[in-house]
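Chemist: Spelled out from the first residue to the last, the chains are:
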Amino acid sequence: MVACTRCTRAWPLGTPECGRCGAKLVSRDEHSLQKVWALWVVGLMCYVPANVYPMLKTKQLFTVDESTIIGGAVELAHHGAFGIAAIILVASVVIPLGKFWAVAFLAVSVRQRGGFTSHRRLLMYEVVEYIGRWSMIDIFVVAILSALVQLKGLATISPGPAAFFFALSVIFTMLSAQAFDPRMIWDAQDNDNEAPDHG
Amino acid sequence: MFREDGISRGPLEGLIVCPVCDATYQLQRPKNGERAVCTRCHKVLIAPRRKAGMQIIAVAVAVVVLITAASVFPFLEISAAGRSNAVSIIDAALSFTQGPMLVLALMTAGFILFVPLVRMLLTLYVLIPVVLDRPPARHAIRAFRWAEAMRPWSMAEIFALGCAVALVKVAGLATVSFGPAFWMFGALVVLVIVHDSFLCKWSVWNSLEHPKER
Ligand SMILES: [Zn+2]
Ligand SMILES: [Zn+2]
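Sequence order for the protein chains is D and S. Sequential numbering from 1 applies to the first sequence in this note's numbering. Sequential numbering from 1 applies to the second sequence in this note's numbering.
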């Protein structure tokens with residue numbers, strides 16, 4: 001028996017696609033982990049330039065100020081906006097790094113036994129899936145600021161190259177997390193102790 | 001009862017398999033307002049609601065109207081030393097215009113306007129015939145599949161928080177005020193959440209498979 005992960009319908013083993021929703025049916029996607037790792041690496045590669053290049057260019061009268069993601073957050077903290085600095089730091093640094101670590105951990109852990117229980121790992125997966133999108137907030141802030149602060153001769157803000165790489169990094173890590181098949185979490189456990197009824 | 005493609009409603013049809021952990025259950029439809037939850041991983045499998053179809057349609061129509069309105073009205077207005085600038089969401093999305101930034105512009109516009117809008121239109125397309133007890137619309141299955149695939153890429157609520165962050169960032173530089181679109185956007189975020197929590201995927205798939213027996 002093989003199950004459709006999209007609409008929960010069960011079909012006889014060997015059915016190529018779900019008769020209800022048209023999804024391709026695979027008992028376990030063998031390429032799932034390869035996809036996860038490939039997208040993970042691309043995401044990480046985009047994350048490096050996203051932190052090196054400037055995110056925002058602020059022109060005020062005679063000065064041009066270029067700030068990176070972390071630089072911008074530090075500047076905000078200097079001006080006393082600790083809450084906003086924290087949001088930016090969490091969304092742009094803590095969440096992406098945590099996500100890289102969590103996806104890598106999950107991908108490694110389905111191959112080996114022991115350590116975390118399945119429930120802890122599933123919780124981790126759900127958190128990653130839910131929270132990853134929120135990293136996009138910094139891109140939207142840059143977009144809003146660039147459109148809004150266009151006061152000729154007074155101040156103008158424009159986006160830097162980091163915005164491009166950061167957006168790509170978020171997209172690739174989201175795809176990487178989506179490629180992960182959570183059913184593998186339970187397979188690893190089933191190998192440890194006798195499986196409950198499953199197909 | 002036989003389906004057109006010759007697959008009979010065998011014993012497998014009475015099963016439901018958790019997509020997260022592969023646990024298999026005998027299908028027992030919960031009453032309206034109740035939920036069927038996977039005992040192994042706690043994933044909600046079925047959560048039907050009374051008259052959910054009609055409510056979702058109403059919410060989706062409201063979202064379509066709000067997105068259209070919110071995209072043209074200004075949502076933030078800035079003024080400093082006699083100069084002022086009001087921007088709409090379209091302006092914000094199109095602020096990335098140089099070189100590769102254009103790709104970013106299209107992505108931003110997609111995440112905040114296009115994806116939420118298309119998702120709601122697809123939902124309407126799928127649900128209206130179902131609620132009216134008509135046979136499913138052509139390609140309804142593909143339409144619903146796309147609507148579900150788009151769910152994580154609909155980022156209206158993230159954009160709303162982004163507005164608040166931008167407001168604080170600029171506060172030292174100039175005076176900023178909210179335009180009408182900001183409030184529309186606030187309402188929109190709530191409506192999208194309501195839409196997602198009312199929609200029971202299993203019920204939709206089931207009614208697309210067996211249109212008559214709801
Ligand atoms: Zn299916
Ligand atoms: Zn489950």
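To be clear, the hints were calculated from the coordinates, so they are not data collected in a lab. Hints are supplied without guarantee of correctness; some may be wrong.
Unchecked claim - Using C-beta positions, here's what the derived DEER-type ranges look like:
| no. | chain 1 | residue 1 | chain 2 | residue 2 | range |
| --- | --- | --- | --- | --- | --- |
| 1 | D | 45 | S | 193 | 32 to 42 Å |
| 2 | S | 138 | D | 78 | 53 to 63 Å |
| 3 | S | 80 | D | 123 | 41 to 51 Å |
| 4 | S | 149 | D | 30 | 15 to 25 Å |
| 5 | D | 130 | S | 68 | 20 to 30 Å |
| 6 | S | 37 | D | 30 | 23 to 33 Å |
Since the model is a prediction, treat every value here as computed from it, not as a measurement. Virtual Cβ for every residue (Gly too), placed ideally from N, Cα, C.
Chemist: Mind listing which of the numbered hints don't hold for this structure, in increasing order?
Modeler: The structure conflicts with no hint, since it agrees with every one listed earlier.
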